[in-house]
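**Student:** From first to last, the protein sequence lines are chains Z and Y. Quick note: the first sequence, position 35, residue 35 per the UniProt record's numbering, numbers continuous. Quick note: the second sequence, position 165, residue 165 per the UniProt record's numbering, numbers continuous.
One or more hints might be untrue.
Computed from the model, here is a short list of chain Z residues facing chain Y with C-beta under 10 Å [claimed, not checked]:
no.: 1; residue: V34
no.: 2; residue: E38
no.: 3; residue: I40
no.: 4; residue: V60
no.: 5; residue: G65
Source of the hints: derived by calculation from the structure; they are not laboratory data. The C-beta atom is built at its ideal place from N, Cα and C for all residues, glycine as well.
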Amino acid sequence: MQILLNGENTEVSDALSVQGLIEQLELTGRRIAVEVNEDIVPRSEHAEHQLAAGDRIEIVHAIGGG
Amino acid sequence: MSENETPEDRPLVIDGTTYESRLLVGTGKYRSWEEAKDAIETSGAQMVTMAVRRTNLGQNPDEPSLLEIVPPEKYTLLPNTAGCFTAKDAVRTCKLARELLDGHNLVKLEVLGDEKTLYPDVTETLSAAETLINDGFRVMVYTNDDPLIARRLEEMGCIAVMPLGAPIGSGLGIQNRYNIRTIVENASVPVLVDAGVGTASDASVAMELGCDGVLMNTAIAEAKDPVRMARAMRKAIEAGRDAYIAGRMPRKAYASASSPLDGTFF
Numbered sequence: 001m002q003i004l005l006n007g008e009n010t011e012v013s014d015a016l017s018v019q020g021l022i023e024q025l026e027l028t029g030r031r032i033a034v035e036v037n038e039d040i041v042p043r044s045e046h047a048e049h050q051l052a053a054g055d056r057i058e059i060v061h062a063i064g065g066g
Numbered sequence: 001m002s003e004n005e006t007p008e009d010r011p012l013v014i015d016g017t018t019y020e021s022r023l024l025v026g027t028g029k030y031r032s033w034e035e036a037k038d039a040i041e042t043s044g045a046q047m048v049t050m051a052v053r054r055t056n057l058g059q060n061p062d063e064p065s066l067l068e069i070v071p072p073e074k075y076t077l078l079p080n081t082a083g084c085f086t087a088k089d090a091v092r093t094c095k096l097a098r099e100l101l102d103g104h105n106l107v108k109l110e111v112l113g114d115e116k117t118l119y120p121d122v123t124e125t126l127s128a129a130e131t132l133i134n135d136g137f138r139v140m141v142y143t144n145d146d147p148l149i150a151r152r153l154e155e156m157g158c159i160a161v162m163p164l165g166a167p168i169g170s171g172l173g174i175q176n177r178y179n180i181r182t183i184v185e186n187a188s189v190p191v192l193v194d195a196g197v198g199t200a201s202d203a204s205v206a207m208e209l210g211c212d213g214v215l216m217n218t219a220i221a222e223a224k225d226p227v228r229m230a231r232a233m234r235k236a237i238e239a240g241r242d243a244y245i246a247g248r249m250p251r252k253a254y255a256s257a258s259s260p261l262d263g264t265f266f
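Could you build all of it, start to finish, from the sequences and the hints given here?
**Tutor:** The structure is reproduced here in structure tokens:
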């Protein structure tokens, strides 16, 4: 299925959870936050939250800023 | 306060934590992580700002994370909403920051209105502040140097008001001392000058006006020697604070001899 991942159209397997996506992106253990369709998906729900085709996903981290 | 009274030396307390350092620093624009780490340590700052951005997927997997440079165990992290031009984006950014930092709800709210000046959009800022406060965030708010808006933000429940001295990254210094002074006089929450400081004397001016602290990034990061400038800023903040508390001498139109005129032998 297609999702919009950090602004890019991305093809991923069906039946993928947020946690599964994080694993595929090799971001496991990284300090990140995830938003699906403009709602936060808390870390505690990454395993159970299933993605759907067309979901808009943002994965963010902390960077330098003023 | 009149110039004859000595101000009370109240400690800087933000969200229940007392800070020894009145210098808050940003973590952007440094030439290297090493330089950022050294400059931030030298500044003595205990609170540092950070930004929230998309993770670079598949790029530089071994690059250190900002949180390794400024570990949350050592510094109070202040996530900002830099780059947000609407209240909605600012609120989204704060929620992502809270998730990123395990429920940490202290944020620096800034909603900008114009790319050329990065001047704050006050109506969007007020709207975002209300939403965030209702959602349990502790909001330190970047605003313009308008005393009425500063008071309004405090009344809404912002825990610190942070007026600009001059546009972000401009290094022009405190452009409207009288407004900053009025904001300080009116406020019962900490007032921090955020943006506009270019060099050490600018930071001292802010502190001499009675501000509780100064937040800066570019003045240190874009100095030719950021570590030395960080040290200069630390001293300037301390000097300005002491001068404010000490109470300056009154200004006089004419000279007043420092050596007695009695006992001269000529």
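**Student:** Evaluate each hint against the coordinates.
**Tutor:** How the hints compare with the structure:
{"no.": "1", "hint": "V34", "in the structure": "holds, 8 Å"}
{"no.": "2", "hint": "E38", "in the structure": "holds, 6 Å"}
{"no.": "3", "hint": "I40", "in the structure": "holds, 5 Å"}
{"no.": "4", "hint": "V60", "in the structure": "holds, 5 Å"}
{"no.": "5", "hint": "G65", "in the structure": "holds, 3 Å"}
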